[in-house]
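**Student:** Chain by chain, the residues:
Protein chains: 4
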Amino acid sequence: MNTFGNLYKLTSFGESHGKAIGGVIDGCPAGISLDFNKIQIELNRRKPGQSKITTHRKEADEVEFLSGIYEGKTTGAPIAFLVWNIDQKSNDYDNLYELFRPSHADFTYFSKYGIRDPRGGGRSSARITLSRVVAGAIAKQILEKENISIQAYTSQVGNLTLQADYSTLDLLQTESNIVRCPDKNLAVQMIDLIEQVRKNQDTVGGVVSCVAKNVPVGLGEPEFFKLHSELARANLSINAAKAFELGSGFSSAQMFGSQHNDEFAIKSGKIFTKTNNSGGIQGGISNGMDIYFRVAFKPVATIIKPQQTVDIKGNEVIFSAKGRHDPCVVPRAVPIVEAMTAMVLLDFYLLNKRFL
Amino acid sequence: MNTFGNLYKLTSFGESHGKAIGGVIDGCPAGISLDFNKIQIELNRRKPGQSKITTHRKEADEVEFLSGIYEGKTTGAPIAFLVWNIDQKSNDYDNLYELFRPSHADFTYFSKYGIRDPRGGGRSSARITLSRVVAGAIAKQILEKENISIQAYTSQVGNLTLQADYSTLDLLQTESNIVRCPDKNLAVQMIDLIEQVRKNQDTVGGVVSCVAKNVPVGLGEPEFFKLHSELARANLSINAAKAFELGSGFSSAQMFGSQHNDEFAIKSGKIFTKTNNSGGIQGGISNGMDIYFRVAFKPVATIIKPQQTVDIKGNEVIFSAKGRHDPCVVPRAVPIVEAMTAMVLLDFYLLNKRFL
Amino acid sequence: MNTFGNLYKLTSFGESHGKAIGGVIDGCPAGISLDFNKIQIELNRRKPGQSKITTHRKEADEVEFLSGIYEGKTTGAPIAFLVWNIDQKSNDYDNLYELFRPSHADFTYFSKYGIRDPRGGGRSSARITLSRVVAGAIAKQILEKENISIQAYTSQVGNLTLQADYSTLDLLQTESNIVRCPDKNLAVQMIDLIEQVRKNQDTVGGVVSCVAKNVPVGLGEPEFFKLHSELARANLSINAAKAFELGSGFSSAQMFGSQHNDEFAIKSGKIFTKTNNSGGIQGGISNGMDIYFRVAFKPVATIIKPQQTVDIKGNEVIFSAKGRHDPCVVPRAVPIVEAMTAMVLLDFYLLNKRFL
Amino acid sequence: MNTFGNLYKLTSFGESHGKAIGGVIDGCPAGISLDFNKIQIELNRRKPGQSKITTHRKEADEVEFLSGIYEGKTTGAPIAFLVWNIDQKSNDYDNLYELFRPSHADFTYFSKYGIRDPRGGGRSSARITLSRVVAGAIAKQILEKENISIQAYTSQVGNLTLQADYSTLDLLQTESNIVRCPDKNLAVQMIDLIEQVRKNQDTVGGVVSCVAKNVPVGLGEPEFFKLHSELARANLSINAAKAFELGSGFSSAQMFGSQHNDEFAIKSGKIFTKTNNSGGIQGGISNGMDIYFRVAFKPVATIIKPQQTVDIKGNEVIFSAKGRHDPCVVPRAVPIVEAMTAMVLLDFYLLNKRFL
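Chains as they are written, first to last, in my numbering: chain A, 1 to 356; chain B, 1 to 356; chain C, 1 to 356; chain D, 1 to 356.
None of these hints come from the bench; they were simulated from the model. Treat the hints with caution; some may be incorrect.
Since the list gives no way to pick one copy over another, a pair counts as held whenever it fits inside one copy or between any two copies.
Unchecked claim - The calculated DSSO-like cross-link candidates involving lysine-lysine, where the alpha carbons are at most 27 Å apart (straight line), are:
1) LYS313 - LYS73
2) LYS184 - LYS267
3) LYS270 - LYS313
4) LYS52 - LYS313
5) LYS353 - LYS145
The shape of chain A in the complex, shown without the other chains (with noise of 0.2 Å):
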């Protein structure tokens, strides 16, 4: 079940170490004129090797499209993408099969398909995002024609936690540093930590915040296909995701109503609301206002240090991970995670046309 989106669809495919990964994009509008430059930037956000706080595998990472587009412009056929894997170190694999790595999905892959593709995580790893990146930025360049902008940011890497509201923050200086944190010397001791972790042979979680504006009040088909829950699901797809809460979220929990509520005015004949614990959605549907969640992150589960574990014939064993692995996840999830968000808010955008 590797297809998301109802209208604009995202078939994925791919393994970290195979010959490609990729995707297959139905529902696509046509007519729209990419911009192949924007789409490699995003795959770039992405990429393995990009700074000193990501693994250090290198892939060029240059998508290749292979179908539905004509002299540079969408058709409304099928939009086929691949990039082809370069630097497999699969040798750093050789042993993997015969075991399950702790808090890795290699015990619950080989059981529930009775085999699995070892080499670097196959079909579990995050390297597979990048056929979501794809998809999500030429659903960027098509949100952007309606001026719907889309913009994630790291607001915590272990203990270190950017508390300010996002409104607060000027979000363009999220991609200045390489911790895509907009508080520049938040920015600074988060990559100390993550350096420090990466010396220590340890990883560490994070929080990525995600903000949309000007999003059209009306995107959200309750009852099942609200547009929090939607995105939620989207974002909890993304490896290493753990938690997601809208607006006010889980602090809402301890909150009066005459607190929590949001009321109504008017400013200019167009309501709002003045506050927006919210976070943009109302009953499932946006209302007009910034549409903000947040994402949290587990560690990355490839730590140097030994652990226990089991192996394939059910002897229990000590294990140490090889390979090249990011020490926080954070900083290449800020693009993922705007990436579903583009996916889930263009598709929620072409549901809505056919009432209008």
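Got chain A sorted already, so can you dock chains B, C and D onto it with the hints?
**Tutor:** Using the frame of chain A, we list chains B, C and D on its own:
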């Protein structure tokens, strides 16, 4: 888009003050002897007026089955059911078509559809969740035959939080009190708080925790139908739900990999993990450990206290709610969370059979 | 899998002798003023006992709407409806659980599900098509606002065939006779034949032809949701349907390209084709010409004449049907073909909006 | 909407003269050892230039697999594959963007999408069916393990019709001649006819018949996913297909129930029907008898003879096709019909497992 599920599917219908609320369950396995009493018990756990801390609306909420059952057994045909609405006091809502209640779905529904049924919130009312409870109750019965159990409970009301790990609690105590908290002392405090909140013409939020036991290894369908992303989607589609976390959830963001990883070990020839930060799901697939997650609910938006809002003509107005409403949604949300969880687990259980 | 459609969806439920038959329509555009009388008229065209050449079962078949409508208008919420079964004579079927009627679904249902509701054919009864007629009647009303019309008619009963091209017929005469054949003289013969067949304790097959006019260019979704493949699927899912042909259909097999090709020409600035062997669809997409297709229906399987069959215990037995049945399904199939066609056209009409 | 299937799904991509044509198969059972040679053989049956009666376009049509396979076995991950286009002679189509070829999809694609890839028909080319053949070839291999076989053959070319019932034919002779007709004498005549037609700068239609044997009882999902309605949909989505009939098909319209009904009997403890007018499907579910159906294909629309048409600017013009095209699609359609049938049968086979 009122259908939930892939193979076990609920299509839901109805409005708070319409003739009836109900649904159609498609894909229910055939030949199952249904225990109708158990289904009604689940509805009773959700129904209004069940205790002093819920809304005083009186509804029998007796479910009537229309199809798909022959001599007490499912036939594989769609199971249609409904509950007639009886105690509508639509007069309470007489003026509601004219204005948008804060943090309700009035504004977004009206903007999206250009029309809305204002009586009791119409389609956006939490009353429509009763369809979920019926479909979930049937799913539960089928899961029970496979020894899979699901238990949710109230773990937070306002600032009263049940800190203990679920594994140290006697979850069978959940139904021993009207707030559905397995810690009896905390339950008393929670009930007091809710009553106080009602007196204050206010409402309060909370958290429901949920545990599923004996889920077999292998449920969940990567890449985009991971078990936890579907559980998130399912539970966040419940009215007033704002946040979801699996296992370690948001707390994983501040952890190191060496702390967070769940080491595998063997007991009696069976693989298990020594800790369960994964919440029973790895790589989107159940690993045989307890599935554990938490869902935050905002305070009910309907408060008696006056609030500012906007009417349909674009005037700012002051609004005080009438009608009968819950001061805290959490006690009645407990069976709904269980129902959504049961539907997801059964759906993935059936999906998993295609490969066996 | 009892849901039909992509954006305009019908989920159907009910059995011939259950409490009720009905459905839920999801995705109906909001704000549509429904003409309930017109819906009932369509049901009356399908209902049993409407004339001397149909089954004598007496059912009012009055549809009751439960949701999705407020003050006579659709709200965008799911529209649930039902028809209560009244004139069940289940006694007629007392012994039917024990044997498999020839060319009925008894054997296959029982084999597939391990259980079946034997009363009147249960879920496999043609009576359950009334849900389609309701959903189709609503679709028709919406299409009519776009000037799209659909007219089916009886073009063959047994060896009596209406040879004339549809464009030479006055299709408005279709409802002028009980067999629904626009050629009045042939209609008389068809009625005689059906009465004769009934007297012979037999049944007879036939063909329904269908024409949709003013369908805009562009409906249909290649590669796998071509307009004609969906029309085929829709109509072949009707009970007793055996064959489908679009435009030239089977006769195209013996034609040359130079005969069969529909040359384009221009009239009043509008592109049209000089012939219409394509039946209004090219490459799976409507081309603006009349959509024309034919559906063959086998003779009703229930005959009074004795037949050999097998019982549930594996004995060969002789069986003679009791109960009240149609000698020819075609006159009552006419409104069902229209309904399925309306659902498909509206669904693709709504799908097409996503690109505009 | 380029995805076909419910559990075994093909997402197809590519254009006639684009870089590549391919697809992604999702839901393939894991652990299957694929015979890649057999897949290529199926592609060779479909490929252009295979004989004197097909188009002379030369393509190796060698399939390359990109994912989902590890050490020759399926892993349960999506199987992406492609065939690079090599022998494009796009010059042949230089002027084709400017006009709408009669009975092609040029006009409808352009009208629907506002743009089209004119090279070789772009997305509407029959060349894109090769994706179906790959997915069907894999489905066939899995079905063969269950002893299910599928054989299609040419039963009509123009006015040359194979009248014999399929059960009297030696279907293994199908591949013994280039027109794929199991009657060798008729095959010679068909080949002559096709060659004559080509000389006449014309094309001719035909019929493909298909038989599936050893299909277990129980495949098919009423109400709306009946086995025959899905087979119809599948086969009518093939380029140039115009009509479908199951078993007795259109001839059932002139039959009486007493003639048409398939009486049940018992042989060696197994239930069977003495005749098979049902074509192996009753009530939308396979009954264990041979599944038998026929698909009509129109004459190829590309003819060398001059025809009138209209250009993009709205002028009537005379058009004569260049390029290399098939004089009759039927011989190459045989493996495509088998492929679609295999996909449908495997899909329903997997669906049926959910209830077991």
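**Student:** Hints first: check each against the structure and report whether it holds.
**Tutor:** Here is how each hint holds up against the structure:
no. : hint            : result
1   : LYS313 - LYS73  : between (53 Å within a copy, 21 Å between copies)
2   : LYS184 - LYS267 : neither (34 Å within a copy, 49 Å between copies)
3   : LYS270 - LYS313 : between (66 Å within a copy, 11 Å between copies)
4   : LYS52 - LYS313  : neither (38 Å within a copy, 57 Å between copies)
5   : LYS353 - LYS145 : both (16 Å within a copy, 18 Å between copies)
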